[in-house]
Amino acid sequence: QSGATLTINSDVRFDDIILFQEGAQNTILVKAGTTLIMTDKVVMLAKPGIDYHFRIVIESGATAILSEEVQNTMTIENNGTLETYPSSTPASKFNPTRTYENQFTDVPENAWFYSYVKTAYEYGLASGTSAAGFSPDGTFTVAQALTAAVNIHKAYTGNTVRAAAQGEAWYTPYVEYCVANGIIKDGQFTDYNKNITRGEMAIVFANILPESEYKAIRTYTLSDMDDTLPSAAAVKKLAEAGIVGGAGGKYNPQNDIKRGEACVIFTRIAVAAMRDAKAN
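If you want the numbering used here, it's the position in the sequence shown, counting the first as 1, plus 1036.
Hints were generated in silico from the structure; no laboratory data involved.
Just so it is clear, the structure is predicted and the values come from calculations on it, not from any experiment.
Be aware that one or more of the hints could be misleading.
[Claimed, not checked] Within a straight-line C-alpha distance of at most 20 Å, the following computed SDA-like cross-link-like pairs (lysine to any residue) qualify:
#, residue 1, residue 2
1, Lys-1272, Glu-1297
2, Lys-1190, Ala-1179
3, Lys-1129, Tyr-1250
4, Lys-1251, Lys-1154
5, Lys-1294, Ile-1054
6, Lys-1077, Ser-1096
7, Lys-1077, Pro-1132
8, Lys-1067, Phe-1090
9, Lys-1286, Ala-1309
10, Lys-1314, Gly-1285
11, Lys-1286, Gly-1235
12, Lys-1190, Thr-1141
13, Lys-1067, Asn-1243
14, Lys-1251, Thr-1264
15, Lys-1251, Thr-1226
16, Lys-1273, Gln-1290
17, Lys-1272, Gly-1282
18, Lys-1067, Lys-1083
19, Lys-1129, Ile-1073
20, Lys-1251, Pro-1122
21, Lys-1067, Thr-1120
22, Lys-1083, Ile-1054
23, Lys-1083, Thr-1109
24, Lys-1272, Glu-1212
[As the list claims (entries may be wrong)] Per label pair, the in silico range of CB-to-CB distance:
#, residue 1, residue 2, range
25, Gly-1284, Asn-1138, 27 to 37 Å
26, Thr-1255, Glu-1058, 21 to 31 Å
27, Ser-1259, Thr-1141, 34 to 44 Å
28, Glu-1058, Lys-1286, 54 to 64 Å
We put the beta carbon where it would ideally sit given N, CA and C, even for glycine.
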């Protein structure tokens, strides 16, 4: 439609398609938290005599992966992340920022969670509760979970988060960031100091990366999850992507998540090689 705006509210791939412009400039608006891919098979046509091009607006927190032809032909207003298709970026956008030297005495090398805590620490996704302790059986607050979510999202998008202003809670900028980038909804949590449950954790971490990063690699069924539960869709998405699992075939969404368990989610989202492809 001439002069219209197409709003991208979920991840979209344009491939082998013709975009035609006639009487007025058309706009493609990529909303925060979504990814638009336009391959080298996209053809852009305009009525003879028209001297303007399609306009694409990339909001902060959005990603557009565009072919070189698209980038050269479109008028682009970019406040988010712009990449070239085929992507020339590294396979992983997450990299270690520090070294773990077995300083946490409560994380023995033979513990099931050792590699997850080690990786989460090295990638800056989790820190200890003291210089020598991690407290793997301790709980995780909502504020701490949202901080970890923001750290992962920032590493992926290159975004930044503001510092807390004088007199406001330390976690307020992280809450605002999560709302602005579609990680949580405004009012989703009312107490950021309470322990976050396993179900709530799944809902948050199923929203921090584009859908393409949650590709299903297995079939996984959890006996205590059904469609009536608020976290059902998020748990299914993470389980099939090899990011979460269950003990004895159950996810136990109502239980508080432990710090060691949280590190499994952090690392498997950031480091795809650590995901579990085993079906049940």
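Each hint, compared with the structure:
Only pairs whose Cα atoms come within 20 Å are accepted, and Lys-1272 paired with Glu-1297 is accepted, the gap being roughly 17 Å. With a C-alpha separation of about 16 Å, the suggested pair Lys-1190 and Ala-1179 falls inside the 20 Å cut-off, and the hint holds. For the proposed pair Lys-1129 and Tyr-1250, the alpha carbon gap of about 15 Å is at most 20 Å, so the pair holds. Distance hint between Lys-1251 and Lys-1154 is unfulfilled; the C-alpha atoms sit about 25 Å from each other, more than 20 Å.
In summary, the hint linking Lys-1294 to Ile-1054 is not supported, as the alpha carbons are separated by about 50 Å, beyond the 20 Å threshold. Restraint check for Lys-1077 and Ser-1096: the C-alpha separation of about 26 Å exceeds 20 Å, so the hint is violated. Simply put, Lys-1077 and Pro-1132 have alpha-carbon atoms about 36 Å apart, too far for the 20 Å limit, and the pair is violated. As the CA atoms of Lys-1067 and Phe-1090 are separated by approximately 17 Å, the hinted pair is consistent with the 20 Å bound.
Restraint check for Lys-1286 and Ala-1309: not satisfied, since their Cα atoms lie roughly 24 Å apart, outside the 20 Å limit. Pair hint Lys-1314 plus Gly-1285 holds up; C-alpha atoms about 13 Å apart against a cutoff of 20 Å. Among the hinted pairs, Lys-1286 with Gly-1235 is consistent with the structure: their alpha-carbon atoms are about 12 Å apart, no more than 20 Å. Between Lys-1190 and Thr-1141, the direct Cα distance comes to roughly 30 Å. Violation of the 20 Å bound is thereby established for this hinted pair.
Between Lys-1067 and Asn-1243 the CA atoms are separated by roughly 14 Å; this keeps the pair inside 20 Å, and the hint holds. A distance of roughly 24 Å separates the Cα atoms of Lys-1251 and Thr-1264; the hinted pair therefore is violated under the 20 Å criterion. The hinted pair formed by Lys-1251 and Thr-1226 fails the criterion: a straight-line CA distance of about 31 Å is larger than 20 Å. Note on Lys-1273 and Gln-1290: the hinted pairing holds, with a Cα-Cα distance of about 18 Å set against a maximum of 20 Å.
Proposed proximity of Lys-1272 and Gly-1282 is supported: the alpha carbons are some 11 Å apart, at most 20 Å. Distance restraint check for Lys-1067 and Lys-1083: the Cα-Cα separation of roughly 28 Å exceeds the 20 Å cut-off, and the hinted pair is therefore not satisfied. With a CA separation close to 17 Å, the supplied pair Lys-1129 and Ile-1073 stays within the 20 Å bound. Proximity of Lys-1251 to Pro-1122 is assessed by CA-CA distance (about 19 Å); at most 20 Å being required, the pair is judged to hold.
Among the hinted pairs, Lys-1067 with Thr-1120 is consistent with the structure: their alpha-carbon atoms are about 18 Å apart, no more than 20 Å. With a C-alpha separation of about 13 Å, the suggested pair Lys-1083 and Ile-1054 falls inside the 20 Å cut-off, and the hint holds. Under the criterion of a C-alpha separation no larger than 20 Å, the hint pairing Lys-1083 with Thr-1109 is consistent with the structure, at around 14 Å. Our distance criterion of 20 Å between C-alpha atoms is broken by Lys-1272 and Glu-1212, whose separation comes to about 27 Å.
Taken as a hint, the range 27 to 37 Å holds for the pair Gly-1284 and Asn-1138, whose Cβ atoms sit roughly 31 Å apart. A beta carbon spacing of about 47 Å between Thr-1255 and Glu-1058 contradicts the range 21 to 31 Å that was offered as a hint. For Ser-1259 and Thr-1141, the hinted distance range of 34 to 44 Å is satisfied, since their beta carbons lie about 36 Å from each other. Separation of Glu-1058 from Lys-1286 is about 57 Å and conforms to the stated range, judged on CB atoms against 54 to 64 Å.
Violation of the numbered hints given earlier is confined to hints 4, 5, 6, 7, 9, 12, 14, 15, 18, 24 and 26; the remaining hints are satisfied by the structure.
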